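Novice: Position chain A against the provided structure of chain C, taking the given hints into account.
There are 2 protein chains.
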Amino acid sequence: MEKLQAFDLVLFGGTGDLAMRKLLPALYRRFIAGQFPAEARVVGVARGDLTRDAYRAQVEASCRNHAVDGFDVAQWVAFAERLHYVRADGARPDSFGDLVQFLRGREAFTRIFFLSTAPTLFAGICDQIGSAGLATSLSRVVLEKPLGQDLTSASQINAHVGAIFSEPQIFRIDHYLGKEAVQNLLALRFGNALFEPLWRRGRIRHVQITVAETLGVETRGPFYDQTGALRDMVQNHLLQLLCIIAMEPPATSDADAMRDEKLKVLRALRPIAGRDVLNKTVRGQYKAGAAVGKPVVAYLDETGVPADSTTETFVAIKAEIDTWRWAGVPFYLRTGKRLQEKLSEIVITFEDVPHSIFDAEARSQSPNRLTIALQPKDSITLTILAKNPGETMRLKPVNLSLDLADSFKTRQLDAYERLLTDIIKGNLTLFMRRDELDAAWRWIDPIREGWQQYDGPPKLYTAGSWGPAAANSMISRDGFSWNGET
Amino acid sequence: MEKLQAFDLVLFGGTGDLAMRKLLPALYRRFIAGQFPAEARVVGVARGDLTRDAYRAQVEASCRNHAVDGFDVAQWVAFAERLHYVRADGARPDSFGDLVQFLRGREAFTRIFFLSTAPTLFAGICDQIGSAGLATSLSRVVLEKPLGQDLTSASQINAHVGAIFSEPQIFRIDHYLGKEAVQNLLALRFGNALFEPLWRRGRIRHVQITVAETLGVETRGPFYDQTGALRDMVQNHLLQLLCIIAMEPPATSDADAMRDEKLKVLRALRPIAGRDVLNKTVRGQYKAGAAVGKPVVAYLDETGVPADSTTETFVAIKAEIDTWRWAGVPFYLRTGKRLQEKLSEIVITFEDVPHSIFDAEARSQSPNRLTIALQPKDSITLTILAKNPGETMRLKPVNLSLDLADSFKTRQLDAYERLLTDIIKGNLTLFMRRDELDAAWRWIDPIREGWQQYDGPPKLYTAGSWGPAAANSMISRDGFSWNGET
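Protein chains in written order, with my numbering: chain C, 8 to 493; chain A, 8 to 493.
It should be emphasised that the hints constitute simulated quantities derived from the structure, not laboratory data.
Accuracy of the hints is not assured; some may be wrong.
Same chains, same names: a pair is fine if it fits in one copy or spans any two.
[As the list claims (entries may be wrong)] With a cut-off of at most 30 Å between alpha-carbon atoms, the simulated BS3-like pairs for lysine-lysine come out as follows:
hint, residue 1, residue 2
1, Lys349, Lys152
2, Lys466, Lys287
3, Lys403, Lys384
4, Lys403, Lys294
5, Lys349, Lys403
6, Lys10, Lys432
7, Lys432, Lys403
8, Lys10, Lys403
9, Lys294, Lys271
10, Lys152, Lys10
11, Lys403, Lys29
12, Lys10, Lys349
13, Lys466, Lys29
Quantities reported herein were computed from a predicted structural model and do not represent experimental measurements.
Just chain C, same shape as in the assembly (with noise of 0.2 Å):
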């Protein structure tokens, strides 16, 4: 394993819950597998009165939860070396001194301030790095999602984050790019010729993404109901599943090539305006049902959610995108919580045949389906039709399938281990560019008001169904049907 070049990881938001669950052990696991370099160091800040070693205390037993290859003492030991904390309060000017006493002497290694704070605290923050002079040539800053509520209040984030760190020192975090299955998307889709010619209007029927969740919104209710699934999981998630699959190739993998490619798809978005929002989009909100066996609350009834509020906890939509390659191929999102399944998958449909050859009894109603699926296990399966054994040629639906984790023994990395490698490498591949992220939101608050306009209040489903009827008659009018649901 490469070594990295040698760093200060500046952990604002260094006790909150996604420092604790993922960014800490990810880096933990990046530690025992080698990588750091003898002078890297990671330190927590928060605005609590910590003692190092209790900080430490913390994310040690964190990392005892997260261990994933399990956990080593003597490793610990090491790491815990590297681990420091520093007392900062991004929202009270002049507390970050002695953040600056921290990082002095130290402006020829990389230095990466994590922002893994409320994002109401992304311009104070950064407008403090700056005023303290902490923004070396070397730096980076990472940004957590949610960037803003719209496009407005992420282009305030971005001009503060702007006027402190060049556009590329800037790192937006999307960890479902992290994903190994995302990667292998791209793998799939440009390191085989096979693909290709089926990746197409005419070849390709409709395409669907699903990100399904069982959970509800937990402890996170007001957060959530502030934001709902179309910012919470659409705006950024599905989006960038729906740009890999419907990227033109790239000239190469870089950065920018990439995101170059990304943001064309994200412009050639068709508006779904005004009233389009009544046939085009179907917003849901979960009642009391069951989830996973064991019954559960109304979304209305989650701690922290005001008994009249109309955050939508589901969302489905049908995109299209405007270009030459995919002109007419509806792609048919859908989000929500409290649904059936845990489950992340994209499903491409292809075209049946032009004719069948075969009579009429050996005819299958099932297309031709790609099926990458992202959670709750990384596969790739490709149905088709087989002859079903026997005298008579009768065809019936067999699947090819790869099982990523069988395939490869080695452990897959974390989303988030791939990520801080990259940060840390400065691969900005995996990140959204401004740019991107202006486009998504431009696409998504037309949506918004469309809903406040138009639309009634969200359709309710029970939890632990798959979502309102509605999202079924949506997608019935094309003549399909949802993904494993007939």
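Specialist: Leaving out everything else, chain A in the frame of chain C:
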């Protein structure tokens, strides 16, 4: 299982090897499957003076050996009631008296003359069927390979048979066409829209068809020495497989629609004439070596083979098809005895990506491949490149596989079970039409003539190897290698 119409199946060569090993056990299995109507009879015909009971005892022993689903005594007793024996000699005129007697009054039933004898007897048997007045309008005749030794002798046989039976009454067997995997190849090609845009020049780089045997000539020495691999295997089996891969989509799966398309392929095969044989063919003959771990003798030391024989036991051919679809796509054919493995497979190698977007280190040399295995197991495998897990993008070949026996739990029909059922039903799709046969000989004959005129003796290869080194040179001149060899 659908019942067949009532029939008399007259099996010439009824005590022969093929009848005992394949045909009668296949009929017995179709009987168990409930396909025999009340009036159906099977009658073995041979020169020997055998009682019905003695014949039934022979067949019983054979059915016990080839029972597949287990031998059921009650079923056997019921089948034996349908089984008869009649003495007749195809080479001796006026010896069909008993057969005439046996068939009298059964003119309303389908009557099948199955000629499982030496092809030298085909003409005589047909003449006598004619002169004895046995050829009703409901009669069919089934001819086993080899149908002659070249175009001239095949035409003679076809003329004799054609004088008694019309073309739609003639079933020329190529048992490869009855194999489930070959049926599946048709299903794959014409049941799935997925493959159509890939199935052509510009998308396919080359095709390989391999039928490899570990067996030597066994007890067939004298016959084989008169035949050789080109006529024993290429003229029929390998060319039929080539046709199924290369044919244009027929309008229907009707016999003549399919056979018209196969014929077009055979007629579009670029002739290999004169000195072409030196570049486009390799013939080989095995010397002593090992088969499946045991020492075996050279072909020239096999029983019944002349010590100076130049008969080929191996042949490799670069075939080209002069059509819009296939111009520039070589079809490499290879078959032989005493090779390293028992293996029948078709490997379609697709073109590589036109341009790699990934770094040089990410690339893999393996292009996409579709492998259709007929032996030892029926399977379909699509080889694509996927990302090797880890932080960097490295492509590795992975297989999307479908084991047909695993996917469908029902037992697959033996090739002869399917073919016999088709014969009784009158379905000609899987049988060769006269013009197909003629076209195949028209392409094969000049190769043999070229060998006689320009080629040296066959290249020797060690039994248990993959054939002579010249076969590797032939394909590597084009920049390729045989699948499975490096």
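Novice: For each hint, tell me whether it holds in the structure or not.
Specialist: Structure-based check of all given hints:
1. Lys349 x Lys152: within (21 Å within a copy, 58 Å between copies)
2. Lys466 x Lys287: within (14 Å within a copy, 70 Å between copies)
3. Lys403 x Lys384: Both ways: Lys403 and Lys384 sit 25 Å apart in one copy and 19 Å across, limit 30 Å.
4. Lys403 x Lys294: For Lys403 and Lys294, the Cα distance exceeds 30 Å both inside one copy (39 Å) and across copies (46 Å).
5. Lys349 x Lys403: Result: close both inside a copy and across copies, 28 Å intra and 29 Å inter.
6. Lys10 x Lys432: within (10 Å within a copy, 71 Å between copies)
7. Lys432 x Lys403: Between copies only: 24 Å across, 49 Å inside.
8. Lys10 x Lys403: between (51 Å within a copy, 23 Å between copies)
9. Lys294 x Lys271: neither (38 Å within a copy, 64 Å between copies)
10. Lys152 x Lys10: within (28 Å within a copy, 67 Å between copies)
11. Lys403 x Lys29: Between copies only: 29 Å across chains, 43 Å inside a chain, cut-off 30 Å.
12. Lys10 x Lys349: Close neither inside one copy (36 Å) nor across copies (49 Å); limit 30 Å.
13. Lys466 x Lys29: neither (34 Å within a copy, 65 Å between copies)
Of the numbered hints given earlier, the model fails hints 4, 9, 12, 13; all others are met.
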